[in-house]
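Q: Per this note's numbering, the very first residue in the sequence shown carries number 63; after that it's consecutive.
You may find that some hints are simply not true.
[As the list claims (entries may be wrong)] Calculated cross-link-like contacts (lysine-lysine; reagent style DSS-like; alpha-carbon spacing at most 25 Å):
1) Lys144 / Lys155
2) Lys137 / Lys257
3) Lys131 / Lys144
4) Lys134 / Lys144
5) Lys134 / Lys257
6) Lys257 / Lys131
7) Lys94 / Lys155
[Unchecked claim] Now the in silico label distances, taken between C-beta atoms and shown as ranges:
8) Gln138 / Met63: 49 to 55 Å
9) Glu69 / Arg141: 49 to 55 Å
10) Gln138 / Arg66: 51 to 57 Å
11) Arg141 / Asp175: 39 to 45 Å
12) Gly188 / Leu140: 26 to 32 Å
Honestly, the hints are just simulated from the structure, not real lab data.
Note that the structure is predicted; figures quoted are calculated from it, not measured.
For each residue, glycine too, the CB sits at the ideal point set by N, CA and C.
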Amino acid sequence: MIFRLDERLLFPDPDLADPDGLLAVGGDLSTKRLILAYQNGIFPWYSDETPILWYAPHERCVIFPTEIKISKSTKQVLRSNKFTITVNGCFEKIIAACSSVDRKDQDGTWITDEMRTAYIQLHQLGHAHSIEVWFEGNLAGGLYGVQTGNVFCGESMFSLMSNASKIALIHLCSMGFDMIDCQMHTPHLESMGAKMISRQEYMQVLQESVA
Numbered sequence: 063m064i065f066r067l068d069e070r071l072l073f074p075d076p077d078l079a080d081p082d083g084l085l086a087v088g089g090d091l092s093t094k095r096l097i098l099a100y101q102n103g104i105f106p107w108y109s110d111e112t113p114i115l116w117y118a119p120h121e122r123c124v125i126f127p128t129e130i131k132i133s134k135s136t137k138q139v140l141r142s143n144k145f146t147i148t149v150n151g152c153f154e155k156i157i158a159a160c161s162s163v164d165r166k167d168q169d170g171t172w173i174t175d176e177m178r179t180a181y182i183q184l185h186q187l188g189h190a191h192s193i194e195v196w197f198e199g200n201l202a203g204g205l206y207g208v209q210t211g212n213v214f215c216g217e218s219m220f221s222l223m224s225n226a227s228k229i230a231l232i233h234l235c236s237m238g239f240d241m242i243d244c245q246m247h248t249p250h251l252e253s254m255g256a257k258m259i260s261r262q263e264y265m266q267v268l269q270e271s272v273a
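Kindly produce the complete structure, drawing on both the sequences and the hints.
A: Right, dumping it as structure tokens:
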């Protein structure tokens with residue numbers, strides 16, 4: 063059963079989500095609603111052609127920072143110091159790049175203008191953060207996401223140079239978070255130590271980090 067949200071600031075029990083994780087439709091992307099969503103393991107994912115769709119997957123792809131895997135070639139890149147890394151240096155540029163970069167097997171982007179505005183507001187209030195990777199003064203890659211307690215919920219990443227997004231993720235794992243929520247499983251993330259966990263395990267870590 064898919065629930066339809068109204069102006070009230072609430073979500074149904076995430077346990078009631080469909081098998082694919084779809085929980086609810088509608089509502090808005092106000093800062094308060096987004097914060098409430100992330101606190102309950104829920105996130106928006108939709109396109110310009112659909113209403114706002116809210117997901118609470120029964121399994122989550124996560125990285126526990128102490129378990130991250132760094133290949134020998136990536137370690138060599140880190141030792142070379144060819145990249146410069148900043149945090150929250152240009153959040154708006156990062157989300158713009160994530161929404162415009164071409165991605166294999168994807169037609170267009172799910173980062174709508176409405177979402178960009180909402181997450182920039184979250185950033186301005188200290189709830190969303192970006193990591194920038196620079197090469198010779200030019201933006202080479204990066205990522206952004208939402209911090210909930212001591213859990214970082216990654217939203218999107220991009221790379222204009224080989225290894226740039228890996229460097230951003232590795233730096234994120236060095237920042238003291240209990241867990242990095244990758245949301246979607248990919249072979250690339252799995253190679254770096256990401257694994258699937260149940261929503262129950264995910265919520266236990268999330269609630270402990272918030273507490």
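Q: Against each hint, give a clear statement of whether it holds in the structure.
A: Hint by hint, here is what the structure shows:
{"no.": "1", "hint": "Lys144 / Lys155", "result": "21 Å, holds"}
{"no.": "2", "hint": "Lys137 / Lys257", "result": "21 Å, holds"}
{"no.": "3", "hint": "Lys131 / Lys144", "result": "20 Å, holds"}
{"no.": "4", "hint": "Lys134 / Lys144", "result": "16 Å, holds"}
{"no.": "5", "hint": "Lys134 / Lys257", "result": "21 Å, holds"}
{"no.": "6", "hint": "Lys257 / Lys131", "result": "12 Å, holds"}
{"no.": "7", "hint": "Lys94 / Lys155", "result": "24 Å, holds"}
{"no.": "8", "hint": "Gln138 / Met63: 49 to 55 Å", "result": "52 Å, holds"}
{"no.": "9", "hint": "Glu69 / Arg141: 49 to 55 Å", "result": "54 Å, holds"}
{"no.": "10", "hint": "Gln138 / Arg66: 51 to 57 Å", "result": "52 Å, holds"}
{"no.": "11", "hint": "Arg141 / Asp175: 39 to 45 Å", "result": "40 Å, holds"}
{"no.": "12", "hint": "Gly188 / Leu140: 26 to 32 Å", "result": "28 Å, holds"}
When the structure is compared with the earlier hints, no violation turns up for any of them.
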